[in-house]
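Chains A and B supply the protein sequences, listed in that same order.
Under numbering that gives the first Met the number 0, the first residue of the first sequence is numbered 0, with each subsequent residue one higher.
Under numbering that gives the first Met the number 0, the first residue of the second sequence is numbered 0, with each subsequent residue one higher.
Quick caveat, the hints were computed from the structure, so don't treat them as lab data.
Among these hints, one or two may not hold up.
[To be verified] Which residues of chain A face chain B? A partial, calculated answer using Cβ under 7 Å: (1) 97; (2) 124; (3) 140; (4) 142; (5) 143; (6) 241; (7) 332; (8) 335; (9) 345; (10) 352; (11) 356; (12) 360; (13) 364.
[Said to hold, decoys possible] Computed list of lysine-lysine pairs in DSSO-like fashion (alpha-carbon distance at most 27 Å, straight line): (14) 81/A <-> 388/B; (15) 80/B <-> 383/A; (16) 652/B <-> 664/B; (17) 301/B <-> 198/A.
Because the structure is a prediction, the values reported are computed rather than measured.
For glycine and all other residues, C-beta sits at the position ideal for the given N, C-alpha and C.
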Amino acid sequence: MTISSDPSKVTAICFDRINIPNQNKLSVARENGAYKFLSTVLKEFDSDKIISEVKTSGLRGRGGAGFPTGLKWSFVPRNTGKPIYLLCNADEGEPGTFKDRDIMRFDPHLLIEGMIMAGFALGVHDAYIYIRGEFLHEANVLNAAIEEAYAANLLGENILGTNYSLNLTVHRGAGAYVCGEETALIESLEGKPGRPRFKPPFPAVEGFYACPTVVNNVETLATIPAILEFGGAWHAAIGKPNNTGMKIFSVSGHVNKPGNYEVPLGTTLRSLIENQCGGLQHGSVPKAIIPGGSSTPWILAEHYDVPLTYDDIVKAGSFLGSGAIIVMDETADMVALTRRLTHFYAHESCGQCTPCREGTGWVERVMTRVENGSGCEADLTVLKEASEHMAGRTICALADGAAAPVLSLLKHFPDEVRSHLKEKVA
Amino acid sequence: MTTLFINDEEVTVTAGTSILEACRKHGADVPYFCYHPELSVAANCRMCLVEVEGFAKPAASCCTPVSEGMKVRTQSEGLSKDRQMVMEYLLIHHPLDCPVCDQGGACKLQDYTITHGANHGRYAEEKRAVVDHDLGPFVSTCMTRCIHCTRCVRFADEIAGTGDMGILNRSDHMKIDGIVEEALESELSGNLAEICPVGALLDKPSHDVSRPWEVTRHKSTCTQCPQGCDIVIESRGKEVIRIKSDHEGVESWICDRGRYVYDAFRSVHRISQPTIKEGDGSVAVAWDEAFAHAVNILKDKKVGIVFSPYWSVEGLASIRMLKDVAFKDAKVAFDLHRRDMRMFAFEEGFGSSTEDIVEADEVVILGSDLRQRLPILMQMLRKRSNEGKSVSRIGAMHYRTNSELSNDQIIRPRDWHAVIARAMQQLIDQGKPAAGMKEWMAKVTDRHEAGKVLADALLADTCCLLVGEEIRSHVDAASLIFGLDMLMRASGHGEVGRDGRNLIPEGMNAQLLSAVFGDVRVSVGELLDAANDGDIEALLLIGSDPLGDGLFPVEAKRAMGKVPMVQVGAIAGQISVFADVQLPAAAYSEVEGTFINQEGRIRVATQPLKSLGEERALWKIMMRLAQDLGFEAPAVSLDGVREAIAQYIPELKDVWAGKADGGWKVPVKRNRIAEMLPNDIEPAMALDVVSRYSMYREGAWVRASASLAEAGRLHALDDVIVHPDTLAALGLKANDKCTFQTSNGACQFVAGTRDDVSPGVLFVSKRGVAGDLSSETMVNLSKGGA
């Protein structure tokens, strides 16, 4: 690895080897440092030490919720007599997010190494990567990499001559967005329809096949090898307090150079867009920004200088989420955009909870009417109430995500909605 | 225990209770659709939201466990709005057809729309319509009304055990689907209509018949099987509209047999007025004339009395009272399935309470198709199996249970001795002998390995046996039951308080029947043969139908018409063509009376329906007969009859006086002296006959019901079934015509095959073409037939 042991000089963690060709081949990956530290971890570290390092690192889950990873791992009950499972959430389905895909297709061994270390820390012997169904190429790359890893005794029985054994299996999803929610993912992996479970019990206690289960995002697990090699304190020194480390942002929308950029947490939004993404396509400030994937509320130009940390984005009224930044400049039609998003959520609602099942479809139909110019003033109230009363009232957070764009539209751009009302279709 | 505050009121509940259950227990009203106390939690309707202090969002109370000091609010402005919105969401696609929907007036959705909904909906787009399912004779569907609470899905999975119902598709395309038709395979399918909170699943036989506000509800006891479930009969005037489970009763579910038998109440098969035979038919006459005819037939004759256990305790006791004054030498018989009339070491009835059975370490079903015989007990065992507790079985067929059995052995009825002997050997080997075992075992040459299942279960701390019809109707039943009794006593399951000996009775009131008739009962076969031979000069038939039910159809056919017959009953049945006089007796729903179920639980019915015709309570008919025959009536009031019963079971006095402890149960009769050794008779023929019990066909009441007859047709197996190996050994294959050699001569039938029956056993359907084979215990099978 070329990662610097000096935290101030770190430029990338997960994307450190991303540009090296054929990194998905084990020989190439090993030349570039993959699995270099694994044997030390397996032979010299123990579970407590690993979990303590991860806690020290301040690493927060990169999938969207930002829950401290070390803390999540420490919730797993040991000695229940049941097996413990590690599931990697690679169901990257949040509109706007495309970071995990790059890790998996360009540097699969980084994820595998992270999973071996996490599995070792948690006493896991069976781990699964639940990968989004559409990621066929990535699944093939991962499977080839896993095969090579088995052949090199990096997976399977007695890894690298130690007592530790781990099986790793890739499972492809079947195209449901909601399966990115951890309990729906577990249901789906168990072979059932992907519908979220209510909590408690939490997966850490009763998850996959009612056994203790940890579900971590790809980027989270890919960060583990560097944390263990350079230490939790090293990682904690990157970024901002309580928002430590590097983060990959998937930037899309009206910027000149959309793509994945790994920057330290705390980098300002403006700096990311102007320095990395080549600036906006039109104008000097964006009209609106979705900071963490389509399920997060929008922020406006007044927050263009917000530091990209979990805490600062909350202060700005939204969430860092998965780090999917969608930028809208002055040319964006916010009504059309919202209508398209409502269609997505209506299509993806799993259907079990009343408010989400009926509410998402209702909101989409009203939005369609509004966009077509056949809406009326009362529709604004309907949209607001129908959205507000699905959010936070269902088993999972899909309804919150469905409500966010509609409520943002009504809050920030009511006039734009009203201008649609006036346009009558001929 | 956990203490919390519901609307500022301090409440203490068991730890782990959900907020909703805590609220229900303490009278705080929380609306809900998907929650059901007997089903797993789905938490999908989101109607039961409450506010919890410290929670950022309203919580679904059904899936949130209580915690110490939690402060819950069930009413607030925010919650009212939330509930109003949930109602609006639900009504988006729900048709507004309440005026033509059977659920109207008893519909959660309708009620909550009034109490929680807005006065109009704002949805203006297209509504969803959903294709209906054919769910058989009992459940009609209107799936467009479905609100996706998934109660039916969970019912099919968890209670009926048939599964195969599910939800397809996502978002508002979601629908209840799967192999939904499979649900009608369940003997509990009628409950689907009851658990559906809206009008999506409705009761088919009572569809479009009445409105909920027109009916009167009568608490009653079902007498269709020994379970004696608490039921509520809904009637409009004298007409029974439907039967439902009594939700204040012991179990939430009732079976289809008990629920849908009600069309028999108003069927043409009811005996609604006294009749006398005239030519080939019969004519209705006044009660006095009918009694005069009956007296003519019975007076100073050698009488045979055959009755059914469907009557109330008072009715049954009055039969004995009549016999004691008027027919001292009469033969009395009631059990159509008992061949061995010697005393049983433990008579019919349960030593265990239902809770004991559900909680026991081991439960073994011996020779019973329990799903058909006792559907509600089977449902409880299914729940037990689902929790991972053991339920084993030994019997002549892998009878369908809709649940996993931990061990299921098939044997021939003739193997029972060898099974019990094998179990005895194991107990002796493991240091648990009982006096008498050695002598018993010495009479049995073989040892059958299925006995290991029995012995292993007996070695558990608590073990309950459910001894079924294959043993009860065995020709050597008394010795088998004595053997089982020794096993149970040796392994410590025979003591008071932990008595695991349960002999499944033929019908209700078994404990009373053995107490009142134990000393005079004879076999129905013997009684009918006596009638055939002229040793009996007249028959008094009270509710029983030996032509249609039981193991003596050949004897019944022979005897019928040989002697005059007086029929007292509610249902005419097949046998009625032979009746010279018919006296209509009120049905179990139409009398004040007492009923005892298999475990000895007592129910006293006090809200009877009015009879449709001129029916009278059985005890009144019996007493009037006694009078008209020239004797003083032993009792002239219900209290008088009860006084007489108290001679047999004194504790019942307190029950009637309302002074008894509600938990007191009528004990099962034990016969300590009944030391029966296995008989020495070598089986003379190759195949053992098992007469298959069908819940849709057995019993006069059931056969008078058109909807149960339809179900019987749908559920019927082949009339004659053997294992394919049994046929193959004779060079035969399925559907070949075979000759059956019986003790009554030869007959020819086509034999069907099933893999799940024991080789060496012939299953016959009592009501099928080969029904007469029910009279046999063994047959020989050979190729042949024109």
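Each hint, compared with the structure:
1. A distance limit of 7 Å between C-beta atoms decides the matter here; for residue 97/A the minimum to chain B is near 23 Å, and the interface restraint is violated.
2. The interface hint given for residue 124/A is broken, as the beta carbon of that residue sits about 24 Å from the closest beta carbon of chain B, more than 7 Å.
3. Look at residue 140/A: its Cβ only gets to about 29 Å from chain B, farther than 7 Å, so that hint breaks.
4. Restraint check, residue 142/A versus chain B: the minimum CB separation of about 28 Å is more than 7 Å; hint violated.
5. With its C-beta approaching chain B no nearer than about 33 Å, residue 143/A sits outside the 7 Å limit, and its interface hint is violated.
6. Interface hint at residue 241/A: violated, since its Cβ lies 20 Å from the closest Cβ of chain B, which is beyond the 7 Å cut-off.
7. Below 7 Å, beta-carbon pairs count as interface contacts, and residue 332/A has none with chain B, the closest being about 22 Å; its hint is therefore violated.
8. Checking residue 335/A against chain B by beta carbon gives a least distance of about 19 Å; that is not within 7 Å, so the hint is violated.
9. Contact between residue 345/A and chain B, as hinted, is supported at the beta carbon level, the nearest pair being about 6 Å apart and thus within 7 Å.
10. Proximity of residue 352/A to chain B holds as hinted, the smallest CB-CB distance being about 5 Å (cut-off 7 Å).
11. Restraint check, residue 356/A versus chain B: the minimum CB separation of about 6 Å is within 7 Å; hint holds.
12. Annotation: residue 360/A was flagged as interfacial toward chain B, and the flag holds, the nearest CB pair being 4 Å apart, inside 7 Å.
13. Here the hint on residue 364/A is kept, as its CB sits about 4 Å from the closest CB of chain B, short of 7 Å.
14. For the hint linking residue 81/A to residue 388/B, the alpha-carbon distance of about 19 Å falls within 27 Å, and the restraint holds.
15. In summary, the hint linking residue 80/B to residue 383/A is supported, as the alpha carbons are separated by about 13 Å, within the 27 Å threshold.
16. Taking the CA atoms of residue 652/B and residue 664/B, the gap is near 13 Å; set against the 27 Å cutoff, the hint holds.
17. Annotation: proposed proximity of residue 301/B to residue 198/A is violated, straight-line Cα distance about 74 Å (limit 27 Å).
This entry does not satisfy hints 1, 2, 3, 4, 5, 6, 7, 8, 17, going by the numbered hints stated previously.
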